[in-house]
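Peer 1: With chain A fixed as given, assemble chain B onto it according to the hints.
Here are the chains, one letter per residue:
There are 2 protein chains.
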Amino acid sequence: MSDMTSMADAPRSPGRPRSVRADEAIVEATLDLLAEGSTLEALSIEAIAARAGVGKATIYRRWSGKDALLMDALGRLKGVPPQPAGRSVRDDLVLLVGAVGHNVDPRAAKIMPCLVPEVNRSPDHFQLYQNIVAPRRKLMREVLRRGVDSGELRADVDIELAMALLTGPMLIQRVLRWHPELDDQILPERVVDAVLEGLRAR
Amino acid sequence: MSDMTSMADAPRSPGRPRSVRADEAIVEATLDLLAEGSTLEALSIEAIAARAGVGKATIYRRWSGKDALLMDALGRLKGVPPQPAGRSVRDDLVLLVGAVGHNVDPRAAKIMPCLVPEVNRSPDHFQLYQNIVAPRRKLMREVLRRGVDSGELRADVDIELAMALLTGPMLIQRVLRWHPELDDQILPERVVDAVLEGLRAR
Chain A
1 MSDMTSMADA
11 PRSPGRPRSV
21 RADEAIVEAT
31 LDLLAEGSTL
41 EALSIEAIAA
51 RAGVGKATIY
61 RRWSGKDALL
71 MDALGRLKGV
81 PPQPAGRSVR
91 DDLVLLVGAV
101 GHNVDPRAAK
111 IMPCLVPEVN
121 RSPDHFQLYQ
131 NIVAPRRKLM
141 REVLRRGVDS
151 GELRADVDIE
161 LAMALLTGPM
171 LIQRVLRWHP
181 ELDDQILPER
191 VVDAVLEGLR
201 AR
Chain B
1 MSDMTSMADA
11 PRSPGRPRSV
21 RADEAIVEAT
31 LDLLAEGSTL
41 EALSIEAIAA
51 RAGVGKATIY
61 RRWSGKDALL
71 MDALGRLKGV
81 PPQPAGRSVR
91 DDLVLLVGAV
101 GHNVDPRAAK
111 IMPCLVPEVN
121 RSPDHFQLYQ
131 NIVAPRRKLM
141 REVLRRGVDS
151 GELRADVDIE
161 LAMALLTGPM
171 LIQRVLRWHP
181 ELDDQILPER
191 VVDAVLEGLR
201 AR
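Respectively, the protein sequence lines represent chains A and B.
Positions 1 to 202 (UniProt numbering) are the ones given, in order, by the first sequence.
Positions 1 to 202 (UniProt numbering) are the ones given, in order, by the second sequence.
Next comes chain A alone, as it looks inside the complex (with noise of 0.2 Å):
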């Protein structure tokens, strides 16, 4: 609401409200941080606070915690999910798969793969890294539904192991970078349709 009131009021203001600006330097500096090595656990308000050159007040004013604010700076690194067109579930598969493990901010290369042993150790990390996954999940979940509603998937289909399936191979190799020879670029497309079609001779 500040925003738009702000932005009516001065309408040739270059760049946004500062209290959006403060939010955008608030969640820059957390992923820096974390990109330049910190851990999770390590990561103060004080540190985030004197990086954004804001008072800790200013933070706990937006956000209730690290957290919170860890949530909403480590969703940031996946941008906004892609949109299931709704049609074939094939395709709505593979946009859904090519966005595994895919990020559009550059800092999440390396601050991905350094969270591992964070979620391994620590419960509230671990919660954090479902937390920050559900809608990514939900959308997946969502279309194998509409498939076996619809008869294009078995009606058997076991909605959670299929899940695992299809994002299983992309995140070993985005995050493990597991296989040297798998083409990231095609491996969606490839993973869809082997995993649709099976491995069996019929």
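Hints are supplied without guarantee of correctness; some may be wrong.
DSSO-like, lysine-lysine: derived pairs with alpha carbons at most 27 Å apart [to be verified]: (1) Lys110/A - Lys56/A; (2) Lys138/B - Lys66/B; (3) Lys66/A - Lys110/B; (4) Lys110/B - Lys56/B; (5) Lys110/A - Lys110/B; (6) Lys110/B - Lys66/B; (7) Lys56/A - Lys66/A; (8) Lys110/A - Lys66/B; (9) Lys110/A - Lys78/A.
Just so you know, these hints were derived from the structure itself, not from any lab.
Peer 2: Using the frame of chain A, we list chain B on its own:
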């Protein structure tokens, strides 16, 4: 060889010969230091020697350097690869998929997730990781090729892609604890059957 000779020379002596005990102490010290949070990069031959109670020369007599020692030590975490029985391709795949991300040493739970950032950061450590998993990949590749040759699997199966389909779901579940509701114990069988049969209605 020295092992067998010593045992013949002194059949009543408790424990194993000195050289084997030193080797074990060195490998154990390496794994203990990694499990306590040392990175691969920070780990030094000095620290390992001190922890194992041996001189640096003892380590260099047995290993060419840190990477060779790390490879032996990390390889130890996983234990001996399972041996496919060679009858049913499906059963052999269940056996091998069950070993993906499985470790016999409890220190692996602390060490393996922590390798992810380093494997991403360093080409040497990436190569080390590839070398550790290579023998297991070879076993799976051979079972899949056998399935294609026998006609159990489609003639046009892409072997490397098929390995990613089988490995990915287990690895994300065991290394990233990807989905809290999937049961690790029954996952290998379910992954193999789903990948073989495919999701598409027929």
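Peer 1: Give a verdict on every hint.
Peer 2: Against the structure, the hints:
As the CA atoms of lysine 110/A and lysine 56/A are separated by approximately 26 Å, the hinted pair is consistent with the 27 Å bound. Under the criterion of a C-alpha separation no larger than 27 Å, the hint pairing lysine 138/B with lysine 66/B is consistent with the structure, at around 25 Å. Proposed proximity of lysine 66/A and lysine 110/B is supported: the alpha carbons are some 25 Å apart, at most 27 Å. With a CA separation close to 26 Å, the supplied pair lysine 110/B and lysine 56/B stays within the 27 Å bound.
A distance of roughly 20 Å separates the Cα atoms of lysine 110/A and lysine 110/B; the hinted pair therefore holds under the 27 Å criterion. For the hint pairing lysine 110/B with lysine 66/B, the CA-to-CA distance comes to about 20 Å; that is within 27 Å, so the pair holds. In summary, the hint linking lysine 56/A to lysine 66/A is supported, as the alpha carbons are separated by about 11 Å, within the 27 Å threshold. The straight-line distance between the Cα atoms of lysine 110/A and lysine 66/B is roughly 25 Å, inside the 27 Å bound, and the hint therefore holds.
Restraint check for lysine 110/A and lysine 78/A: the C-alpha separation of about 13 Å stays at or below 27 Å, so the hint holds.
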